[in-house]
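K.L.:
With these hints in hand, go ahead and build the complete structure from the sequences.
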Amino acid sequence: MAKKKRTPQERTIDPAVQKMLEIAEQMAISTAFDRADMLAPCPIGADGLCCKNCSMGPCRLVKEGDRGICGATVSTIQARNFARMVAAGAAAHSDHGRDLVLTLKAAANGEAQGYEIRDVAKLVKLAKEAGIETNGRTKEEIANDLADYYLSLFGQQEGEILMTHRAPEVRQKIWREQGVMPRGIDREVVDTLHRTHIGDDQEAWHILQGAVRTALGDGWGGSMIATDVSDILFGIPAPNVSKINLGVLQEDMVNIVVHGHEPTLSAMLVAATQDPELIELAHSVGAKGINLAGICCTSNEILVRQGIPSVGNFLQQEVALITGAVEAMIVDVQCIMQSLGEISQHFHTELITTSPKVKIEGATHLEFDEHHALDQAKELVRRAIENFKNRKQVYIPKEVTEELVPGFSHEYIDYAMGGTYRGSFRPLNDAIAAGRLRGVAAIVGCNNPRTQQDSYHLYIAKKLLENDVLVVETGCSALASGKYGLLQGEAAMEYAGPGLREVCEALGIPPILHMGSCVDNSRILTVLSQMVAEGGIGDDISELPAVGLAPEWMSEKAISIGTYCMASGAYVIFGGHSPVRGSAKVSGSDKVARMMIEGWEETYGGKLEFVDDPDEMVRKTLEHIDKKRKALKLAEYDPSKFGRSGDRRIYQVPVDVPLAEREAYLYGGVPTEAAEATTKPAS
Amino acid sequence: MSRYIATHAIRGANAIVTEAEVMLKRALEELGPDTPVQFPNTAYYLPFIYSMTGIKVEKLSDLQPVLEHAKSLLHPVPRNKLWTPYLGETLDSGMATLFAEEIIEGIRFAYHLQPELMRGLSLSGCTTYTDYPSGNGHGGNGKGNGTVNLEGRGHLNGPIDDIQLRSWGIQLVDGRMPGFAAIVGRAKSNEVAVKIVRELQQRNILIFLSGNVNGKSIIHQLMEEGVEMGYDTYIVPFGTDTISAIYPLGFAVRSALTFGGLKGGQAREILEYNRDRVFAFVLALGEVDDLKYATAAGAINFGFPVIADTIIPEILPTGITTYEHVISMPFNEIPGKDDLERATRLVQKCIEVRGVKVRVAEVPVPVPYGSAFEGEVVRRRDMRIEFGGKYSRAFEYLYMVENLEDVDDGKVTVVGPGIETVEEGGHMDMGIIVKVAGRKMQKDFEPVLERQIHDFINAASGVQHIGQRDIAWLRISKTAWEKGFRLEHFGKILHARFHADFGTIVDKVEVTIYTDPEELEKWLAKAREAYDFRNRRLANLTDESVDVFYSCTLCQSFAPDHVCVVSPERLGLCGAYNWLDCKASYEINPTGPNQPIPLGTKIDPVKGYWTGINAYAEKASHGTVEQVAMYSIMENPMTACGCFECIVMVIPEANGVMVVSREDSSMTPAGMKFSTLAGMVGGGVQTPGVMGIGKFYLTSPKFISADGGFKRVVWMSSFLKETMAAELQAVAEREGDPDLISKIADERSVTTVEELVAWLEEHNHPALTMPPIF
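One line per chain: the protein sequences are A and B, in this order. Residue numbers for the first sequence follow our numbering, beginning at 93 and rising by one. Residue numbers for the second sequence follow our numbering, beginning at 83 and rising by one.
Read the hints as simulated data drawn from the structure, not as lab findings. Errors might be hidden in some of the hints.
Restricting the straight-line Cα-Cα distance to at most 35 Å, the calculated cross-link-like pairs of lysine-lysine (DSBU-like) are [to be verified]:
| no. | chain 1 | residue 1 | chain 2 | residue 2 |
| --- | --- | --- | --- | --- |
| 1 | A | Lys111 | B | Lys163 |
| 2 | A | Lys220 | B | Lys701 |
| 3 | B | Lys431 | A | Lys725 |
| 4 | B | Lys138 | A | Lys220 |
| 5 | A | Lys214 | B | Lys153 |
| 6 | A | Lys217 | B | Lys138 |
Here the structure is a predicted model, which means the values were calculated and not measured.
P.N.:
See below:
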């Protein structure tokens, strides 16, 4: 695949990106797609057969009987490589969480300019969970203590990370029995890095157990803290209406694009772009206003909370710059391509790095300090405005935008199914038990330029919807669905099977729920736990008819997510290449992959499998769901039983006629098609 | 929801909350903030508001925060395209609607605009409105600005009072009354309206009416057809607008507060209690408008599904309700040969959707049959014939035979002339003899079964039964006669019901109806002999003569921590179960609510402590009650659910107790009315000094015997004095003070403690010289 240069249509299904790739081609700008075509992945590394953990190597185990210099077997090497991916991914998520806690603490002490404790109810709830006194105390006092408590979880050496207790009892018991209950968030990352150093842990299963514990410290620790603290500081997401794709960039406005993963600075930018003085300044340079938009998970953070439009997902960062319409791209952490520095040189765009952890050649570095956040944000906006005059040729694929309804926090989902007084997960569980919903799937994860962009996300999502599987999404996957109109209530009418459509229509939800950024996969863990707690569909997450998929994965964070979801009891399917695939030439090189499927399923009830064919992913998903349904003795899935409810018929009753005439229709028995032509839906 | 329903419900909610806001503003200006706001005879303030928020509305200004809360629950209507989710928002809007509706009814009461007037309507059994200003046209005595008592004439019911809730209590909790239908709107035709109501009555489902379509309500339809409405017939007309639909929901929340031990403000628990235990549904008849959608959205919060007889969007996924949320059954599309058959099917569907548990015994009689008809009165002018009463004699006698072969099951024989021999409006003598046999039948169960004859016969529409034994008094209406009701149908009813309800102890039932004078005399003598024997047996049946008492946990589905202990000398507080009933019930269903409790060791014969009783109480109350004194009100008194017939409460100043009957809605010397007192007793909580009892416990020698017995009674509702005159007189004589009853004060003479003490001194009541009760 690497030898052939793919056409834009082969590279992506997104028409906006296709268009921009043509322009990039004309301008001779190299993108990730080009590089993916030119650069074949190292086949030895790809299959997990290469160890470079010490200077005796790197050792490539490609022949039968090969060992590393230290004697390491192929299984040890694969497990170690995998574990290190988990550790890196967990570190990224958790460090993101830590930074948010530090912001919370600063905000509590009045030292974080522009930040406030927005959701006091959630603060109090979490404080109570942590055993912090809340009566008669100010929100700042409580927040300060909660921040200290969360910080202590990072450095905690013994015991258990509190949030793991949100998991079903049965699950916690398994973790304890397996010795994988995470002790402290940082400790587990260090533990994995240590045990994968030369000459330490050299038993594949044992290495993987360490990886599991590290991943759990991410999902139920660092990521969960990141989500919870973001909600306290920036509000719990609730559905809103917004727009997505490159067309959200505005020709006549100052365009500022935020990219990365954290909500901290971007939330301040949201405020700064609404500053009347700055808007005035924008007018003074000939712009109609200031347009803020996002990419990747920073986008998700401000999309689900403030409804700020999204330029798109991971593979749109480069082409966004190629529009020539971006005055400033402000980035924080994770998934930021180094090529941005170079591409920005072709345009007037100023690429600004803000994280103390991230510098990129060709970028301006303005280190973010939450103590002066609002001032800094305003300064960044000012720079962008002043850069407007330097714009050259602009091409925005204006016609390509889609509208979407994101913002499904687990708190909102609870509310959506019963309101203030009766909110619960009962309707969801009922729908599953009755077979109205065949099951639930989470489609998450990245884009990967080696896969046709968004194609797997979209294909699998649509197939699952057809089969009455309710889908939740986060990260780049959610943005993919957004781009093709799947995150709209209307999509249920078009794509969903009869039972799913009934549920969507009852609740008013899209058939795919956008739950946030990739750290918000912790929300999915919470939802699964709440489904178990609601009862009727098993006592543990592993009993639920639920599957997790990452069809276009590429990052180490995805591996950590997959591992903690697996260890929480889920069947997780990754698309694309398996990092533990092994080689047919090396016997036993499939052992680790088998451990992840058979061994983990036996031990954790979940499994992690790499499948590269999307149809096979769909088939395995449905097979697993049906297997779990059967084990729970739920009604056999039969879509023909459902689909009767809905609004269709009422719109056939004429509205603007006298009651007696209307009643002829209302009492039924009169063919209503005739009336249909003369009536319109009531507004 | 569906988006259509969401749109209409949210729009309706916004409109009604605005209306409430306008009304409240005006009322505050016109009447002033301190104007009292209350529903008659309820201890729960405005019950929906109180139950959901804990706010105790007593005056107009108390409504302001409620209104603010209602406004906070409102949402914009969903967009036509790109809508955001609407189910939670619609349910919240539904709650806002209910708050607004109760606010409005509260304000209407403050203006004396409730209950709604209805010319020409006469209710049989309804909420009592005392001291009602007559200036607003209420009461109809035309005397201007005086006060009147509304007596069910010329007005609709308005809210159901606590008294009625409690008196229905035992039937609601034991499943005889499976639930209620809140009907809103008007039926397709009058005959359909009547049919729907009859079908519900036959299943003993309470029927609550409100709303209209284009000005016409099902209430009007039933009036036009001469259907008797009121508590006695299980049909309660609340109001002809949709707003009055808040009353049935107020009834629902009060059942949770009264029987469930829940407190105001426990909104979620109260709503879920209703979903799980109160089998109610909304039946929307005719076109559904915005306000009806909004109100229905409120009802769905209770877990009550909505069934419409017109085309409306269906919501079939479940979760807020146990089964489907909204069902559309366009009336003309219901299979059936005519509208009446369609009406029957509609009711069947309602029951199915709510999962109402209906126990119907198929009784082969040519008239409608069900508990709802028990309260029906056959007036002299509507009467075909009567048995017993002033002009003739009627009796009933049930006996068992040992040998199963001696009973010809299902055989009904009429010995003597039939009804046709008597002119219309006439009378004749009759005896009903029931012969039963069964492997588990016992002689002791004879009176238990015989007492059922009253309920069984009364449940036939157009048949009235009063009394028992040889003072029975029966009437058959002209309508029933025309439909073919004959003497043998008494037998058919008894055969069917004894098998259905007592099938475990009764294997065979044979009935003979005697009208032949000679045979009748012969059997009457036999019966009287048996009555006498039973009386003596009952007199000998004391607590000391048995070694087990019985538990009664019938109410635990409603009052989870309450447990009744029934002894031979202390019947259940609902008045419906005595020791023999419990014993029979245990035989019928050995794992049922009545279990024998071995007494164990007697710890204190005076106060009535047994090790076995204590152990049982602790277990059955889930640890909330550790000890029960069977004979004391002062120390560890028995708990109550909410169905008690009377409340006994210590009046320290009088050194005695007062007894308030639930029929008595007037003020008591304790400074509280029955409904308020009841709030202190129910829910399975032990409160020394207060107790709920069955009224016949008053006549027991063991009535608070540890505290001095019946002589402690210093005040008693006149209702009890009158309805139990003979029994109470016997007690007075037993206590050695034949004038005792006349020394006991009642609400006609005494309503304060001061007056009570003065009365007692004046009448030389014995309590004054008894040892201090504390």
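K.L.:
Against the 35 Å threshold, does the CA-CA distance of A/Lys214 and B/Lys153 hold or violate the hint?
P.N.:
Between A/Lys214 and B/Lys153 the Cα gap is close to 23 Å, so the pair holds against 35 Å.
K.L.:
Hey, A/Lys220 versus B/Lys701, does the alpha-carbon distance stay inside 35 Å?
P.N.:
Measuring from Cα to Cα gives roughly 33 Å; hence the hint holds.
K.L.:
Within a Cα-Cα threshold of 35 Å, do A/Lys111 and B/Lys163 meet the stated pairing?
P.N.:
Holds, at about 29 Å.
K.L.:
Do the alpha carbons of B/Lys138 and A/Lys220 lie within 35 Å of each other, as the hint requires?
P.N.:
Holds: B/Lys138 and A/Lys220 sit about 29 Å apart, inside 35 Å.
K.L.:
Taking only the CA atoms, is the gap from B/Lys431 to A/Lys725 under or equal to 35 Å?
P.N.:
holds (27 Å)
K.L.:
Assess, step by step, whether the Cα of A/Lys217 is no farther than 35 Å from the Cα of B/Lys138, and give holds or violated.
P.N.:
Holds - the C-alpha atoms of B/Lys138 and A/Lys217 are around 28 Å apart, at most 35 Å.
When each numbered hint is compared with the structure, no violation occurs for any of them.
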